[in-house]
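**Student:** Sequence:
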Amino acid sequence: MKIIIIIFEKRLTLYKMFCGAVIYLKFYLCHYSFE
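The numbering of the sequence shown is our numbering, which starts it at 67 and goes up by one.
Warning: the hint list may mix true and false statements.
[Stated by the list, open to error] DEER-style ranges, computed between Cβ atoms:
(1) I69 with Y90: 28 to 34 angstroms
(2) H97 with R77: 28 to 34 angstroms
(3) A87 with M67: 26 to 32 angstroms
(4) C96 with I69: 38 to 44 angstroms
(5) I89 with M67: 31 to 37 angstroms
(6) I70 with S99: 26 to 32 angstroms
(7) K92 with I71: 27 to 33 angstroms
(8) K68 with S99: 45 to 51 angstroms
(9) H97 with I73: 43 to 49 angstroms
Derived by calculation from the structure, the hints in this document are not laboratory data. Built from N, CA and C at the ideal position, the CB exists for glycine as well.
Take the sequences, apply the hints, and build the full model.
**Tutor:** Shown next as structure tokens:
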């Protein structure tokens, strides 16, 4: 059970990182297009 939880936490962390990167890119592109 512990191994499953560790894998789930790692996937959740990757998912958060991916979402953060997407949000960062959206803000960057919007800022870049306005200048």
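**Student:** Run every hint past the structure and note whether it holds.
**Tutor:** Hints and how they fare:
1. Between I69 and Y90 the Cβ separation comes to about 32 angstroms, which falls inside the hinted range of 28 to 34 angstroms.
2. Distance hint check for H97 and R77: the Cβ-Cβ separation is about 30 angstroms, which falls inside the suggested range of 28 to 34 angstroms.
3. Checked against the hint of 26 to 32 angstroms, the pair A87 and M67 passes, with Cβ atoms roughly 31 angstroms apart.
4. Separated by about 41 angstroms at the C-beta atoms, C96 and I69 satisfy the suggested range of 38 to 44 angstroms.
5. Between I89 and M67, the C-beta spacing of about 33 angstroms keeps the proposed range 31 to 37 angstroms intact.
6. In this structure the hint that I70 and S99 lie 26 to 32 angstroms apart at CB is violated, the actual value being about 43 angstroms.
7. For the pair K92 and I71, the supplied restraint of 27 to 33 angstroms holds, since their beta-carbon distance comes to about 32 angstroms.
8. Taking the beta carbon of each, K68 and S99 are about 47 angstroms apart, inside 45 to 51 angstroms as hinted.
9. The hinted window of 43 to 49 angstroms between H97 and I73 is violated, with their beta carbons roughly 36 angstroms apart.
Of the hints listed earlier, those the structure fails to meet are numbers 6 and 9, in rising order.
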